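S.K.: Chains A and B, in that order, give the protein sequences. By this note's numbering, the letter at position 89 of the first sequence is numbered 89, and the numbering carries on one by one without gaps. By this note's numbering, the letter at position 46 of the second sequence is numbered 46, and the numbering carries on one by one without gaps.
Hints may contain errors.
Claimed, not checked - Covered stretches of chain A, as calculated for chain B (at least 3 residues, CB under 8 Å):
#1 40-50
#2 98-107
To be verified - Simulated pairs of lysine-lysine, BS3-like, Cα-Cα distance not exceeding 27 Å:
#3 K99(A) to K9(B)
#4 K14(B) to K42(A)
#5 K42(A) to K9(B)
To be verified - Take a look, some chain B residues computed to stay more than 10 Å from chain A by CB distance:
#6 A2
#7 L13
#8 E59
#9 Q85
What the hints contain is simulated information worked out from the structure, not anything from laboratory work. No experiment lies behind these values; they were computed from the predicted model shown. Ideal Cβ placement from N, Cα and C applies to all residues, glycine included.
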Amino acid sequence: GESVGLHLPTLSVQEGDNSIINCAYSNSASDYFIWYKQESGKGPQFIIDIRSNMDKRQGQRVTVLLNKTVKHLSLQIAATQPGDSAVYFCAETLDSWGKLQFGAGTQVVVTP
Amino acid sequence: NAGVTQTPKFQVLKTGQSMTLQCAQDMNHEYMSWYRQDPGMGLRLIHYSVGAGITDQGEVPNGYNVSRSTTEDFPLRLLSAAPSQTSVYFCASRPRAGGGELFFGEGSRLTVL
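Chain A extracted, bound-state conformation (with noise of 0.2 Å):
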């Protein structure tokens, strides 16, 4: 799961097997959630999202869990490629601007 703090969270999956990785967000009227996956020296790809009136979205290969009553959010990754190794955020969406907040990162490293 995701946690501030100086080191990332890891999470080492071997390849072909799923991949879960969690969130805990902080404001409980936030009503829109995006996960990005951030591979090295590059900037945030957006993956899925989720507005709060859903608690499950899938896309292809991943899939959304939103859990409000206890304010978490996860990610699963099917079958998880060696492509899919890199630093996973989650962000939840603050005010009706639409500024979004990061989670810390977990890392995913997928071997062989």
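Starting from the known structure of chain A, arrange chain B on it as the hints suggest.
M.R.: Below, chain B alone, put in the same frame as chain A:
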């Protein structure tokens, strides 16, 4: 499509120097923003703009100025650089204020000695 373009990609400054990080987008996006990324701290919002002529402060605005004279450009100015401003800076935009996916540039790595 160019998307969000940031220049320069790398910059080294001495303490007290000033510089401007450039950001341009060619998608006619209303909303533009600047984030800084430091190890283990995710991305923190510096300033944002919801349209030409409108800017506001984010979470960590001190030491930075912005302006938005055109829809396309959103430069970030450091008036007197400090070592604490050593970071990777990302510009991001989206079609409208109010939510939705942010499109990020490739980043500008700044080192202040």
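S.K.: Does each hint hold? Answer for all of them.
M.R.: Status of the hints after comparison with the structure:
1. 40-50: Result for this restraint: holds, n = 7.
2. 98-107: holds (count 8)
3. K99(A) to K9(B): 25 Å, holds
4. K14(B) to K42(A): Roughly 25 Å separates the two Cα atoms, so the pair holds.
5. K42(A) to K9(B): Holds. K42(A) to K9(B) sits at ~11 Å (cutoff 27 Å).
6. A2: Check passes; 13 Å lies beyond 10 Å.
7. L13: 21 Å, holds
8. E59: Not fine: 8 Å to the nearest Cβ puts E59(B) too close to chain A.
9. Q85: Holds: least Cβ distance 18 Å, greater than 10 Å.
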